[in-house]
Each structure stands twice: as structure tokens, then as C-alpha cells.
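K.L.:
Top to bottom, those sequences are chains A and B. The numbering of the first sequence is my numbering, which starts it at 1 and goes up by one. The numbering of the second sequence is my numbering, which starts it at 1 and goes up by one.
Some hints here could point you the wrong way.
[Claimed, not checked] Pairs of lysine-lysine, DSS-like flavour, derived with a Cα cap of 27 Å: (1) A:K6 with A:K196; (2) B:K100 with B:K57; (3) A:K159 with B:K361; (4) B:K189 with B:K170; (5) B:K291 with B:K361; (6) A:K159 with B:K291; (7) B:K170 with B:K62; (8) A:K10 with A:K280; (9) B:K182 with B:K215; (10) B:K291 with B:K189; (11) A:K159 with A:K169; (12) B:K189 with A:K166; (13) A:K169 with B:K189; (14) B:K80 with B:K62; (15) A:K221 with B:K170; (16) B:K255 with B:K182; (17) B:K255 with A:K166; (18) B:K80 with B:K291; (19) A:K196 with A:K7; (20) B:K6 with A:K121; (21) A:K169 with B:K255; (22) B:K189 with B:K215; (23) B:K255 with B:K189; (24) A:K6 with A:K280.
For the record, the hints were derived by calculation from the structure and aren't laboratory data. All values reported here derive from a predicted model rather than from experimental measurement.
Residues per chain, in single letters:
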Amino acid sequence: MNKFFKKAVKQTEFYVFLIIIVLSLVIQARSGLFFANNNIVDLLRSMIVPSIYAICALLAFVSTGPDVSFPMIAALSSYLALTVTNRLGLGGAPWIITFIIGILFGCLMGALNGVIIVRYKFPSLIVTLGTSSIFSGILLGAFEAERMDLPQNLAAFGKASLLTVKNAKTGLGSTLPMTFLIMIVLYIIAYLVLNKTIMGRGVYAVGGDEVSAERAGFNVKGIRFGIFVVNGGVAAVAGLCYAVMSMRYLPTEYAGGEMIVIAAIILGGTRMTGGIGTLKGCLLGTLLLTMVSNSLILLGISVYWQRVFIGAIIIIGTAISAIQSHAGVKVKTRLKKEAA
Amino acid sequence: MKNLKKFIAIMAVAAMTFSLAACSSEKTTTSTEKKDTNESASEDNKGGDLFDIANYKSDKDKSEWTIAVVTKDNTANWFKRMEIGVNEFGEETGINVIQKGPANADAASQVQVIDDLINQGVDALCVVPIDPGAIEASLKNAMEQGIVVITHEASNQKNTLFDTEAFTAKDFGAAIMDALAKDMGEAGKYAMMVAYTTSTTHMEYANAQYEQQQKEYPDMELINGGAIPSAESEESIDTSYERAKELLKTNPDLKGFTGVASTDCPGIAKAVEELGLDVKVVGVGTPNEFKPYVESGTISTIKLWDPKDSGYVMCKVASMILAGEEVGEGTDLGIEGYNSLQLVEGDNRCLIGQADLTITKDNINDYDF
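With the hints as extra help, turn the sequences into a complete structure.
P.N.:
In C-alpha cells:
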């Protein structure tokens with residue numbers, strides 16, 4: 001137990017977890033509603049899309065660098081998936097068909113990112129900024145996408161619920177949509193691939209030290225290209241989940257989703273310099289930020305102060321993990337000195 | 001082959017850095033310029049040069065005029081309805097009309113669209129601003145080049161010849177409150193939502209609602225001790241849904257809810273229906289989008305004005321100025337609700353009609369937009 005605790009204290013995730021506990025107790029004390037079953041379900045529902053996006057952000061940061069194109073890939077590929085489904089009259093087909101169509105388009109867009117970044121060694125931030133601008137232009141300019149209703153299969157999928165709870169005290173209910181399962185499945189796959197396969201370890205190796213990874217026999221270019229293709233596919237899933245949960249396709253609501261997600265994963269301990277970052281951290285970071293933005297009314301914070309509060313949480317959270325990791329570095333250098 | 005690759009790579013880098021530099025430099029210049037124009041605008045106001053509509057009479061033939069309408073977001077049904085009015089005006093008069101919207105519904109993209117249209121040399125710009133402050137510099141620039149500038153839904157826009165409104169924000173806010181009060185039996189708690197606290201008109205509606213309630217309906221109470229607004233939807237149905245759910249959780253005795261952006265009411269109504277509560281929702285939005293909720297009774301009344309008429313009115317006023325006609329108090333624009341305009345001088349000159357619409361379950365099928 002002692003050993004486990006010592007190990008935990010060294011991880012950023014542990015501190016994020018502490019902040020979450022403290023914050024939830026504060027919210028509970030002020031509103032008395034935080035631990036109500038319907039509030040927890042609402043929170044889980046709100047987490048679904050950002051935490052799928054978080055996988056994209058994590059993979060990109062760990063292996064290469066920032067990727068900011070995922071919201072626009074999500075918007076464009078879901079639009080294409082819905083349009084193709086409608087045009088081909090696939091409204092009666094199982095929902096997974098529409099998702100697969102979306103994933104294919106997403107992978108294609110991700111591949112464009114990958115080719116430019118890997119082939120020409122451009123900084124991923126600039127490339128993905130550029131491509132997301134292109135995708136946005138194609139979506140709203142060339143296709144003139146507008147708000148539209150979902151095809152039958154997705155509408156039915158959106159209406160189905162995984163779990164329905166009712167708060168006995170207030171009589172208020174809440175439902176957890178099926179998309180929650182999609183998120184869980186994605187996380188399980190990502191966990192297995194990242195931690196149990198050579199390819200997954202390669203993702204970390206490439207981001208940690210490119211030259212060493214290459215000497216160790218990893219196909220650096222291949223891994224990076226693959227990451228962006230996968231990111232495109234994952235983004236497409238997130239985009240379709242968002243549409244399914246809103247029960248409508250809303251083209252203008254995707255843009256701008258990347259910053260809060262990136263803030264969340266950095267909070268969760270992902271290093272901007274690459275090589276370090278865990279799925280556990282992603283989930284915790286996303287949970288923390290979702291919790292904050294969804295509890296400001298419960299806390300009774302005025303509309304005008306809500307953004308200040310969110311900003312403060314991001315900075316405080318990152319500061320705590322940064323201080324803790326600086327401390328870690330100091331200990332290591334001291335150990336090295338002692339050894340020398 | 002290798003040289004070609006290098007060339008392509010260099011070109012791509014150049015293009016990307018250039019576009020990035022263009023974006024960032026533009027933002028900084030507009031913000032620094034804004035201060036200057038605000039100061040000089042007030043000076044010009046005294047001289048009256050830039051704001052004298054007689055200076056905008058066009059020497060060109062009517063058929064050579066181009067009137068451009070810039071919206072907040074051309075993908076929204078609301079602005080598609082506006083386009084119908086704009087095109088109707090074009091067909092009726094033979095004047096060239098175009099309607100454009102920004103790629104993203106943010107102020108910076110709208111500035112881009114306006115600047116592009118100025119460079120294309122249009123004769124009149126009719127703008128529905130996302131953030132009036134952000135486009136002051138561009139609009140001033142347009143007016144300096146002799147382009148007629150008309151706005152809509154921006155009573156605090158300084159650099160405009162006329163701001164056109166379907167009604168005063170005060171009257172409309174009061175009308176929303178009257179509808180809500182009627183639907184919830186003039187008693188109980190209510191909440192308000194706006195898109196952003198920076199959206200001027202939304203805040204004016206919200207304040208007017210509260211004033212009307214304080215004056216006429218003493219048994220009603222705004223939650224959170226009268227804090228206006230209760231929440232922001234950030235122009236997103238999903239955010240509106242989540243905020244509404246939160247407010248309903250913290251205020252289980254809520255009886256009424258108003259939302260003034262088109263994204264507010266669908267989110268609120270979805271939350272109310274999901275929680276199975278009896279809360280009356282009154283708000284602003286298009287009949288087609290709200291139809292399911294109006295038919296189920298959750299959204300009890302839609303208050304709005306017809307964007308088709310607003311588009312028509314902006315173009316009409318612009319064309320009258322280009323033709324050198326008088327526009328002011330009592331002007332008749334020849335469509336219902338705008339037969340005798342009221343002129344209010346505040347931050348700008350506001351032309352106001354009496355064109356508010358009330359839509360309920362009974363007449364929703366008469367409006368198809």
C-alpha cells in the first residue's frame with residue numbers, strides 16, 4: 001500500500017484527482033446537488049465528446065506535436081457521412097454503417113495532415129491550423145452545410161438510452177446516451193494498443209526521442225503518419241456522437257472545441273514536448289474541466305465570472321502538475337549528481 | 001524531381017506563414033484602429049460629413065448598383081429567410097443584391113467578409129453585426145469610401161447611417177414578458193438565457209423583460225435574485241441544453257424560461273421535456289425549427305420579427321439613400337409594420353417599425369421558415 005501510494009504521489013494524475021475530489025466536495029457543500037445521481041449522469045454525458053477528442057489530442061502530442069484540426073475533421077466527416085447516408089438511402093441500415101462512412105472520410109482527412117507533416121517535416125500546429133481552415137471552408141463554403149435532421153438510423157440510435165436515472169428527492173431524471181459505450185470502447189482499444197503492443201510503445205518512443213526510436217527499429221514516419229490517420233477516424237466518431245446527442249447536425253457548433261480539450265489533456269499530465277501522457281490523465285483532465293464548466297451555475301457563480309473561473313482552474317491545475325514535475329526533475333538530477 | 005519537391009515544400013511553407021501572418025497582423029490592426037475611429041467618429045459626428053445621407057447619392061444608374069447584405073451566419077434558417085426578402089427586393093427593383101455570411105460565426109470572420117466586399121466596390125453594405133465593436137473600423141472605412149452603411153440589430157453601432165429595427169428592444173422585451181406572464185399565469189419563478197452577455201440586443205431584451213416584470217407582474221420572480229441573464233448559451237443548442245438542465249436542477253420550482261437567441265429555446269425545451277417538468281418556454285426563433293416543441297406545448301409562444309422583412313427593409317433604406325431620397329421619421333417603406341418609421345437618435349440613428357409577430361400552436365403553420 002505504501003509503495004503504491006509513493007508511486008501515485010509522483011504522478012500528475014494523482015494531483016488532478018485530488019483537485020477533482022476537493023472541487024466536488026465544494027460544489028456538494030454549496031449546492032447539495034453534486035452527488036445526486038442525475039447530476040453524475042449529466043456530467044458523464046457532457047464528457048463523452050470532449051473525452052473522445054482528448055484521444056486525438058493525446059496521440060498527437062505524445063508522438064508529434066499539437067493537432068488542432070480534430071473539431072473541423074469531426075464537422076466535415078460527419079456532414080459527409082450524413083449526406084452519403086441520405087443520398088444512398090441507407091437510413092434503414094444499422095447506425096454503424098454511417099459511423100464507418102464517417103470514419104473513412106475522417107481517416108482520409110487525417111491522412112492529408114499526416115502526409116504534409118511527415119513528408120515535409122512541417123510543424124504539426126501550423127499544418128493542422130491550415131487544414132482545419134481548409135476543412136471549414138469546404139464544409140461551409142463549398143458544401144454550404146446547414147443544420148439538418150439526422151437520418152433514421154442515427155435518430156433511433158440517439159433516442160436509445162443506456163441508463164436512465166431518476167432523483168428520488170427532486171423527481172428529476174437524466175439519461176445516459178448509447179454514445180457513452182462508444183467512448184468506453186475507444187478508450188479500451190486505445191489502452192490496449194498503447195500499452196500492450198509494440199506499435200503503441202513506438203508512439204511514445206517516437207515522441208520521446210526520434211533518433212533513438214529510429215535506431216531501436218521503429219518506423220518513425222510510418223508511426224506518425226498512422227497517428228494522424230487514426231486521429232481523423234477518432235475525430236469523425238466524436239463528430240457523429242455530437243450530432244447523435246444533439247439529435248441534429250449543427251455545422252457551426254464544432255469549431256473552437258480544440259482549445260478546451262488541449263487544456264484538459266495538459267492538465268492531465270500530457271507533456272507538450274512529447275513522449276509523455278496517459279489515457280488516465282486525459283480522462284481525469286476532461287472530467288475536471290467538464291465538471292467545472294457544468295457546475296458554475298450550481299456554484300452560483302455569475303455569468304460574467306464563469307470564464308474567469310474556468311481560466312483560473314486551467315492555470316492552477318497546470319501549475320500544480322508543473323511544480324510537481326519540476327520537483328521530480330530536481331530529485332533526478334540530485335540523484336545523478338550523487339551517483340557521479 | 002527532388003527540386004520540384006523542394007519547391008513545393010517551400011511554396012507550402014510560404015503560403016502557410018503568409019496566411020498566418022495575415023491573420024494575426026489583421027487582428028492587431030483592427031483593435032488599434034478601433035480606438036482611433038471611435039474618437040474620430042465622434043468628431044465627424046459634429047461636422048456631420050460622414051453621416052450626412054445627402055453625400056451618398058449615387059451618380060450611377062440604378063441597374064449598376066450593388067447592395068450587399070452581410071449576415072451573422074448564412075447557414076442559419078433565420079438568415080436564409082432574410083435572403084428571401086433580400087432577393088425579393090432585388091427582383092422587384094432590378095437592383096443587384098448579394099447576401100454573404102462569415103465562414104465561422106465569429107466577429108473576426110465577419111470583419112473579413114465586410115473588408116472583402118468593400119474591396120469589391122459595392123455601393124451599399126447592409127450588416128447584421130455579430131459584435132458591433134469589432135466592425136466599427138471596417139464600417140468607417142466603407143463610409144469614407146462613399147459606401148452606404150445600414151445595420152440591423154445593432155442599436156449601439158456608431159459607424160452606420162441608419163440602424164433598422166423591427167421594434168424597439170424595450171417594446172419587444174416587454175412583449176416577451178407579457179407572453180410569458182400570460183402562459184405561466186402571472187406568478188412563479190422564471191429564468192432568462194441569452195447567447196452572450198456581449199450581444200447588445202439580447203441584453204436589451206433581457207433587461208426590458210425584467211423591467212416589464214417588475215412593473216406589471218409583482219408575483220413573478222427572476223431567479224438568482226434578479227441577476228440578468230441567468231445563463232449564456234454561447235450560440236450552441238447543446239450548451240443551452242446543459243445550462244438549462246443545470247438551472248432546472250438548482251431551481252426545481254421554476255415555472256417559466258425565456259431565451260432570446262435562436263439556439264436557446266430548442267435546448268431549453270429539450271431539457272424541460274427530458275426532465276418531465278411543467279415549465280413554459282417563451283422565446284425568439286424560427287417556427288420551423290421550434291415546431292415539434294410548439295406542437296408538444298413546451299414552447300408556449302414564439303415572439304419574433306420576420307427576417308424576410310428585415311432584409312427587405314435594409315435594402316430598401318439603402319436604395320433610397322443611393323437615390324437621394326429623404327429617410328427619417330414617418331417614412332413609409334411600403335411593407336406591413338414599416339408604414340410609418342420612428343426615428344430614434346442614440347448612439348446612431350435608429351429606424352424602428354412596429355413589426356413584432358406572435359406565433360403559437362394555433363398559427364404556426366402559417367409561417368414556413
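K.L.:
Taking 27 Å as the top limit, are the C-alpha atoms of K189 of chain B and K166 of chain A close enough?
P.N.:
holds (23 Å)
K.L.:
Checking one constraint from the list: CA of K182 of chain B to CA of K215 of chain B, max 27 Å. Satisfied?
P.N.:
holds (15 Å)
K.L.:
Quickly compare the C-alpha distance for K255 of chain B and K189 of chain B to 27 Å and report which way the hint goes.
P.N.:
The given pair, whose Cα atoms are some 5 Å apart, holds under the 27 Å limit.
K.L.:
Between K80 of chain B and K291 of chain B, does the CA-CA distance stay at or below 27 Å?
P.N.:
Measuring from Cα to Cα gives roughly 17 Å; hence the hint holds.
K.L.:
Need the status of pair K189 of chain B, K215 of chain B: alpha-carbon distance at most 27 Å?
P.N.:
holds (16 Å)
K.L.:
K255 of chain B and K166 of chain A: Cα distance at most 27 Å?
P.N.:
holds (20 Å)
K.L.:
Is K169 of chain A close enough to K189 of chain B, meaning Cα to Cα at most 27 Å?
P.N.:
holds (20 Å)
K.L.:
Is the straight-line distance between the alpha-carbon of K221 of chain A and that of K170 of chain B 27 Å or less?
P.N.:
Answer violated: K221 of chain A to K170 of chain B is near 62 Å, above 27 Å.
K.L.:
Can you confirm whether the C-alpha distance between K6 of chain A and K196 of chain A stays at or below 27 Å?
P.N.:
holds (25 Å)
K.L.:
Does K62 of chain B sit within 27 Å of K170 of chain B, going by the straight-line distance between their CA atoms?
P.N.:
violated (37 Å)
K.L.:
Decide if the proposed pair is consistent with the structure: K196 of chain A and K7 of chain A, CA atoms, cutoff 27 Å inclusive.
P.N.:
holds (21 Å)
K.L.:
Is K100 of chain B within 27 Å of K57 of chain B, Cα to Cα?
P.N.:
It holds: about 24 Å lies between the C-alpha atoms, which stays within 27 Å.
Going through the hint list in order, the structure does not satisfy hints 7 and 15.
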